[in-house]
Amino acid sequence: MSIGRPPAARPIALAGLLAALWSGWAWAHAFPERSEPRVGAVVRASPAAVRIWFDGDLEPAFSRITVTDSRGQRVDRDDARVDPQNRRLLGVGLRPLAPGAYTVRWRVLAVDGHQTEGDYTFTLKGPE
Amino acid sequence: MKYPRSLPWVALLFVAHAGPAWAHGVIGKRFFPATLTIDDPFVADELSLPSVLHIKGSEAKQTTLGAEFSKRITPDLGLSIGAEYNFIDPNDPDERSSSGFGNPELSVKYTFFKSAAHEAVLSLGFGWEIGGAGEKSGGAESFSTLSPALFFGKGLGDLPDTLAFLRPVAVTGVFGAEIPLTDEESNRLTYGVAFEYSLPYLQQFVRDVGLPKPFSQLIPVVELLFQTPLDGGKTTGTVNPGIIWAGKLVEVGVEAIIPINSETGKNVGVRALLHFFLDDIAPTVFRPIFQ
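These protein sequence lines are chains R and X, in that order. Each residue of the first sequence is one higher than the last, beginning at 6 in the working numbering. Each residue of the second sequence is one higher than the last, beginning at 3 in the working numbering.
Hints in this document: simulated from the structure, not taken from any laboratory. Yeah, the Cβ is synthetic: ideal placement off N, Cα and C, and Gly gets one too. Don't take every hint at face value.
Examples of chain X residues lying across from chain R (beta carbon under 10 Å, computed) [said to hold, decoys possible]:
#1 Gly30
#2 His56
#3 Lys58
#4 Thr164
#5 Ala166
#6 Val211
#7 Gly212
#8 Lys250
#9 Asp282
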């Protein structure tokens with residue numbers, strides 16, 4: 006905003022920004038909306054895959070996900086990919102898991118070039 | 003912005019001045035929202051439009067509309083320009099109401115330390131309130147004020163598993179000075195801290211507790227800001243509890259303004275903000291000039 010701009014000009018600037026938002030001229034950092042297994046979950050059966058749904062489209066070539074056990078050993082199938090039918094979905098297959106705690110780490114590039122990263126854990130409980 | 007020596011005006015303008023300086027940032031997996039009362043340590047391309055403040059002082063009611071535009075020169079160096087329009091309505095019915103622009107403020111900020119693993123950031127800032135550029139009717143002073151400051155931010159995402167539910171907590175703060183270029187007012191220390199609990203962080207990285215939108219996008223916050231004159235005057239300050247809703251491209255925040263003592267004021271005010279993340283809205287336009 007320019008200094009001294011009359012207050013009446015502010016709604017015009019605001020309207021322009023809102024129009025930009027409405028028109029879809031906008032992307033942003035991608036953050037997870039939900040995951041399977043869920044963040045911090047305790048599951049009873051070994052999941053076949055980890056899947057994370059993001060709130061924006063991802064660049065497949067620069068989006069990664071790994072899963073490690075409590076010793077830091079990879080337990081995923083190294084086949085992480087962005088779903089071609091849904092570019093907001095990143096997943097990776099898992100080997101059969103033993104009971105224990107697992108860490109999911111992801112790093113993604115949104116289509117606008119913003120990179121984000123994160124991690125979370127889930128726990129597989131053995132039969133009672 | 004300057005503070006007339008009359009204490010009621012000191013209190014009123016203190017809370018008004020404390021606001022316009024916002025930035026947002028992502029470091030590591032932490033998203034820091036733009037806080038309403040104190041500046042945060044990030045440089046970014048962003049626009050706060052409008053910020054709104056309303057409070058009743060012992061002598062007058064004040065309503066302030068503000069705006070601030072921030073632009074990155076490099077990824078770690080940013081410039082900001084902010085302006086306010088003040089409406090002053092004296093409690094005494096015999097006195098006339100007035101309104102006008104306050105002095106604009108230019109500021110520069112440089113981030114000199116970042117740690118993604120520890121969600122930590124440190125920045126140095128320098129502000130210049132341009133004396134005489136505003137209107138007397140809006141409370142603008144004729145002299146300039148310089149304001150060097152150190153800003154910090156720290157997310158608690160590196161806490162151990164036993165304290166996992168505290169990982170969504172983040173703290174930002176400022177320690178600085180205000181140096182009026184006049185003999186009429188003393189220099190002041192300005193210091194504050196903002197405590198945030200990020201429900202998005204809780205959902206995304208700690209435990210999916212099943213919060214639906216918009217609750218999963220809320221960040222409760224408490225900001226504390228104090229000012230101590232170096233001539234022996236009493237410390238003034240406010241406690242500002244509130245809540246921020248952060249979307250992908252905009253955020254909205256509202257806070258109460260609670261004076262800490264009678265020197266600051268006696269009435270609770272309110273502050274609100276609509277804030278646009280320009281670098282996310284149009285990343286090809288709003289990016290650092292020099293990479």
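Structure-based check of each hint:
1. Gly30: holds (7 Å)
2. His56: This interface hint is violated because 16 Å lies over the 10 Å limit.
3. Lys58: Not OK, violated: Lys58(X) not within 10 Å of chain R, min 22 Å.
4. Thr164: violated (13 Å)
5. Ala166: holds (8 Å)
6. Val211: holds (8 Å)
7. Gly212: The hint holds - Gly212(X) has a Cβ within 10 Å of chain R, the shortest such distance being about 8 Å.
8. Lys250: Because about 4 Å separates Lys250(X) from the closest Cβ in chain R, which is inside the 10 Å limit, the hint holds.
9. Asp282: holds (4 Å)
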